[in-house]
Amino acid sequence: MTRAEIEAKILEFFRKEFEIDNPGMDDDLREAHGFDSIDAIELLLEIENILDSELTHEEKKRAMDIRTINQVLDYIVSLAEARQAGNRADQASAVKSR
Amino acid sequence: MLSMPRTHMLDVIVTLALWAWYIMGYLIFFSPFYLYAYFFSKRKEEAFQRLNHRLHRHFFTLVRILIPRARWHITEEVSALRSSIIIANHRSFLDPILFVSLYEKQKTIVKKDYFGYPVFGWILKVSGYMPSLTNGGFSDAMMTQIKNMADYLASGGNLFIFPEGTRSRDGRIGPFDKGGFRIARLCRAPIVVVSIRNTDKLYPPDGLLFNTRDACAIEVELAGRLTPDYDRDNMSTADLMEEARALLERKMTP
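Keeping their order, the protein sequence lines are chains A and B.
Count along the first sequence from 1, then add 53; that gives the number in this note's numbering.
Count along the second sequence from 1, then add 1181; that gives the number in this note's numbering.
A few of these clues could be false.
Quick list of in silico lysine-lysine cross-link-like pairs, DSS-like style, CA-CA up to 27 Å [said to hold, decoys possible]: (1) K114(A) / K1293(B); (2) K1293(B) / K113(A); (3) K1359(B) / K114(A); (4) K1432(B) / K113(A); (5) K1293(B) / K62(A); (6) K62(A) / K1328(B); (7) K1432(B) / K62(A); (8) K69(A) / K1306(B); (9) K1359(B) / K1432(B); (10) K1328(B) / K69(A); (11) K1306(B) / K113(A); (12) K1359(B) / K1293(B); (13) K1292(B) / K114(A); (14) K114(A) / K1306(B).
Computed spacing ranges between beta-carbons, pair by pair [what the hints assert, rightly or not]: (15) S131(A) / L1197(B): 54 to 60 Å; (16) D1395(B) / D118(A): 48 to 54 Å; (17) R1238(B) / D105(A): 24 to 30 Å; (18) D1321(B) / E58(A): 40 to 46 Å; (19) R1224(B) / V130(A): 38 to 44 Å.
Since the hints were made in silico from the structure, they are not lab data.
It should be emphasised that the depicted structure is a prediction, and the values quoted were computed from it without experimental measurement.
We put the beta carbon where it would ideally sit given N, CA and C, even for glycine.
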């Protein structure tokens, strides 16, 4: 999934679930949109949906520092890349072991 | 008629007796059951909620015995609520523990500081209650709680929330926090609005003592139900909050 595709999904999610239309990509979500704990959890659940896998404890801890939508996108892209790299490594080791 | 100092003395004695029972309930009477449930129950959360319910039911039985001038009117509709997200106004410290006494399966959002108290904080945590975090932070446990909330509600559990976040000092309904409404939306759950009256007369929000002197009628009644269409395109949490507030205000208006 490209960054643009992730961005479209996240913006649609913000519009539908948080009722935030066209947010600034660098808006502080707490300051500008009153983002709270429940919103943060809801967003993380959506990120798990997008990635189709659960977040680890460490990944959730990293999410605590997120303030803006650009940071949300960076976070998802980095997790998606890490998962792809992990899948490739698994496949390579499976081929080797044959 | 009792003189002022003597009636105040009665307040002090009754208050000490009630809170002594409350603390001993946790530390002595119920602690073996909590420990047993913690080590041996397969469903710790449910077992702890059941114990909380029993402890608080005993507590309110004692309140009724020791303060006979307080009359209680809790409607059958409210007592029978299951699988509901309950939104209520907040008048007294008694409100949340009254709900615990009403429902065997109950969860709520509790001030974060309480989770740091010895014994009590541990019971809150194992019972599956959620800390209220105002800084936008969250914890793994809270995320798991919210993830499992729809299943918990489906199993008959209630989640009760006081969206004002604090006790009303003047009887008016304060501004609402959106948290409970967001959880309802996330779980696609209907909302039940419950009005509470006069618990502040029995245990004032800024007082330390039960008021045993004045007759009061405590009323806990259904103010209405909201069944929002969460999939509607222009669904608004703010509107939902306003609807809940309107139901409460209508019910509270004499």
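Structure-based check of all given hints:
Between K114(A) and K1293(B) the CA atoms are separated by roughly 18 Å; this keeps the pair inside 27 Å, and the hint holds. About 19 Å separates the Cα atoms of K1293(B) and K113(A), which keeps this hinted pair within 27 Å; it holds. Straight-line distance between C-alpha atoms of K1359(B) and K114(A) comes to about 24 Å, which keeps the hinted pair within the 27 Å bound. Our distance criterion of 27 Å between C-alpha atoms is broken by K1432(B) and K113(A), whose separation comes to about 42 Å.
The straight-line distance between the Cα atoms of K1293(B) and K62(A) is roughly 33 Å, outside the 27 Å bound, and the hint therefore fails. Between the alpha carbons of K62(A) and K1328(B) the distance comes to roughly 20 Å, so the proposed pair stays at or under 27 Å and holds. Between the alpha carbons of K1432(B) and K62(A) the distance comes to roughly 42 Å, so the proposed pair goes past 27 Å and is violated. At most 27 Å may separate the alpha-carbon atoms for a hinted pair to count; K69(A) and K1306(B) exceed this at roughly 32 Å.
Between K1359(B) and K1432(B) the CA atoms are separated by roughly 21 Å; this keeps the pair inside 27 Å, and the hint holds. As the CA atoms of K1328(B) and K69(A) are separated by approximately 19 Å, the hinted pair is consistent with the 27 Å bound. Straight-line distance between C-alpha atoms of K1306(B) and K113(A) comes to about 20 Å, which keeps the hinted pair within the 27 Å bound. Taking the CA atoms of K1359(B) and K1293(B), the gap is near 17 Å; set against the 27 Å cutoff, the hint holds.
Among the hinted pairs, K1292(B) with K114(A) is consistent with the structure: their alpha-carbon atoms are about 22 Å apart, no more than 27 Å. Annotation: proposed proximity of K114(A) to K1306(B) holds, straight-line Cα distance about 20 Å (limit 27 Å). Taken as a hint, the range 54 to 60 Å holds for the pair S131(A) and L1197(B), whose Cβ atoms sit roughly 58 Å apart. Between D1395(B) and D118(A) the C-beta distance comes to about 52 Å, which sits within the given range of 48 to 54 Å.
Taken as a hint, the range 24 to 30 Å is violated for the pair R1238(B) and D105(A), whose Cβ atoms sit roughly 45 Å apart. About 28 Å separates the C-beta atoms of D1321(B) and E58(A), a value inconsistent with the hinted range of 40 to 46 Å. Distance hint check: the CB atoms of R1224(B) and V130(A) are about 40 Å apart, consistent with the given range 38 to 44 Å.
Hints 4, 5, 7, 8, 17 and 18 from the earlier list are contradicted by this structure; the remaining hints agree with it.
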